[in-house]
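Trainee: Chains as they are written, first to last, in the numbering used here: chain A, 129 to 1020; chain B, 21 to 130.
Derived from the structure by calculation, the hints contain no laboratory data. In this text, a Cβ means the ideal position worked out from N, Cα and C, and glycines have one as well. None of the hints are false.
Below, a sample of chain B positions facing chain A; criterion: calculated Cβ distance under 10 Å: (1) Gly-43; (2) Arg-48; (3) Leu-51; (4) Leu-60; (5) Pro-62; (6) Val-63; (7) Thr-64; (8) Thr-68; (9) Leu-69; (10) Asp-70; (11) Glu-71; (12) Arg-94.
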Amino acid sequence: MSKPWPYRALLRMLPPSFRARHRAAIDEALAAAWNESGAVSPAWRFWLRASLDLSTGLLPAWISTMQRRFPTRRSDRHDDEATSMDGWLQDIRYAARGLIRAPALTLLCTAAIGLGMGANTAVFTLVNEILLRPLPVREPAQLVDVHLDQPGANSFLGFSFLEYEDYRSRRKSLEGLVAHSGIGLRLGDQVGGDRIRGQLNSADYFEVLGVTPARGRTFTAREAETEGRGNVAVVSHGFWQRRFAGSDDLLGSDIELNGIDFTVVGILPAGFTGRFIGFPSEVWLPLAMMDRLRPGTELRSRAEQGLEIFGRLRAEDSIAAAADELNAIAAQPEREHPDMNRNRRVTLSVFSGLDQSLVSPVMGFLGILLVLSTLVLLAACLNVGNLLLARGPARRAEIATRVALGATPARMVRQILTETLLLFALGAGAAVLVALQVNGLLGAFIESLPVGLGFSLTLDARVLAITGAVALITALATGLGPALKAIRGGQAAVLRTSRSGDSNTTRLRQLFVVGQVAVSVVLLITASLFLRAFQRGQQLDPGFSTNGLSMASVGLPPESYSDGEARVFFQALAAGLATEPDIAAVGLTANTPLGVARSPMAMTVPGQEPPQGQDAFFIDVHVVSADYFDAVGIVVQEGSALRAVDDATGAPVAVVNARMAARFWPRGAVGQRLMIDGGEIEIIGVVGDTRYVIQSDTVDPLVYLPFAQHPGGRMSLVLRSDTAPGTLQRLVAEHLARADATLQVPTVGRLSELIEIFLLPQRLASRVAGALGALGFLLAVAGVYGIVSYTLGQRRRELGIRMALGGRPADVRSLMLKFGLRIVGAGSAAGLVVSALLGPLLRDFLVGVAPTDPLTMLTVVASLGASALLAAYVPARRAAAIDPATALRYDV
Amino acid sequence: MVRPLTAHGFQILLALSDEDRHGNGIVRRVLEVTEGAVRLWPVTLYRTLDELRHADLVEELSGSGHPQGESRRRRFYRLTDAGADRLAAEADRLDQLASVARRNLGHRGA
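Given only the sequences and the hints, what does the whole structure look like? Please build it.
Mentor: Listed below in structure tokens is the structure:
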């Protein structure tokens, strides 16, 4: 049992005498408690409980220690009720009166704490939702994800159904193994009906997850995996409530999805929306329906590798052993189908509510948000601490009076701490309101996005408990310094009260403001970096103009179209659309010109060694029509652009991008050859480079193969047209209906909108960081103003003397400005150092911007410096207006 | 009027009323008596013991007073006479409250 650091930190806050006396005994008692409870309850709960014990004991322990050190006086009998309820109530009443007497201070502190803690609470709500709240499934700890681990593969590539069947039928470990795949569905029969997200899944999906339907049933094995048997659907509780108003008639009735009728056989319990957090599914359909729902795909083809797999460990299984077994099974299909299953290995990992490709970016993103919001909280605490310290000299007279009248110093510490606690309690209340507001805004923002994210951002008990704990700890940390300062002043028990604070307090206050400036520099730099990355992302040149480019995907049912027929169909469709006067050019592609997915294929190049440890190059391949380059606006630099080829009879040819040509054939690519699947392909042209994977900052080698030689049933139309989206949609629908009226009409989407979605993380980050940065900025400026005004108050006499001796107002003004400048300078320097240290953390999120971008740093420091100087100028001007006569009379 | 004991203070005095115990012994005894409902966590325990000691309701045994066979390292605590009086007074007070409660509820039942 080792103590976690928060507990150790709290331990250190106990009075030294108490710690020295009881440390060993406390360790022993903790160990005993751990042994009794550790086995049944999770460690975090144990330590939470232990920390609660410690933090509630902290204040009473200090008080009794103080009482013993400063024995009670006779006259103080009524004050001796230190541990009774009465004393506490009296303290709280007294503290409340004090706070009401200084409304400006109270309001300022409450606002600062509320904003700081509110930001923290809002971020923690997100962390709670994404990482901490367990999925509503049976024993989530036993579930494991199976990932593909193949050189060159991307995280969007999964498993084929036949591969899955191999694993499932031959494995001996794992209680169950499930395959599923997300699918976009159109609900209802009208064109452009509601788009909803669904899952296609194998039979034991619900059983392995441990989700039992609230009503009805789930699929039978026969329905799930036998083609043509499974026109049944299971729906989410939300789907039932939202779309059918919770009507009892839904069970057993038909709903239409992608033009196919499904009978609803089951409704899932509320709270279950699929295994991925943030991407709620509404409908679950049998895997066997994939081919009909998504024409152009073939479930029982080894090339169709879009399934995700997860399983459940039995008590006797280990992740490593299960992975070894699955890999042994994987070797078999590799031998039987070397072209499709080359080097396919799997890794297993603990089940997560995040898609594998999202885990590290999301964790990193949340980490950054937590760091930023903690910085804001730190700035707020520094601010409040400063304000409380500022009251010190004024309080000292009051404290001295009360001590003289018989109050114990311990009582005074308690009094001041109670005030701080009350202040932070008010702040915590404000924080909850702020967090609710922020969550509301965030929720609205998420809903306005075109990707259909779904989060239920709610303040549950865990979030509130954390907020409370943070308030308690920050209150003690913030209040203890000023309280001890005040009592030390009071212990001198003098009624001689000078308005000037002691130099110790002044130095502490200056340090606080320097800290605030540093924190706000860090916040502002981070915010600006995100903003610049977002702007860069919008400006990043993909190598072609997305203006006026639209896309629509068309899938042909494989039972009615052979590959040859598909070629004829798509070529005719594209040619027909190209005759429309509103459409400038039409291209066909099996991949998007700017997408998220890579599509690598194994190929060899005569005379070139593949990378070490591999027997081939894995290079992305796009299958496109001859008109594609024209439509997208990709320039042909050398040779011809697949134009010579319009059927399958010619010799196999390809076009490569300039990067590929430079990489393999610097002396001219045209006429060279490469080998794919053992077939030789001649390169007939070189085209300009484009960025084709959106997250990538670089241009990678790319091979274009002619659609005519590699036809398929699922293609995207790329349309260059300046006409309205509605017109394009109508034109596509018309031409499609003329070609084959039974086909689904796809949605025509603008490419620029597609890109927007992928820039979402930067956009979100720049907004959140910007808001936090603005907060930090305000706090820092307020801090600088405060410290300069305060110093002015202290040095009024000295300044008066200077002016009486002939000092000019301008000299006094510049004296005060210089003081402000020193504080801002020290804070900025510290902030720059911290930002440089934080840089590596941000690198992954800043596409195209260096984390130590000098321009950003300079701008931030300059603008903060200017604002802070302005804040210092106001009191400095007041200093220059000091009348020596008044100043010298004042406060002697 | 005597100030009411805190709930934890009462539990500790009660645990020491039959025999001298060390810290963990008190924790275990309190768990036993309350059938697991009350667990004294370390800081609460030793803080309250300090307070009771300071009020002379509990005393700490010197090394020689340890029960036989027990480690010297552990500190044992014993109820003082004042502590016993205080516990008795508290018991009376609770008894009084309990009888009021029973009487009132009896009215209700009738």
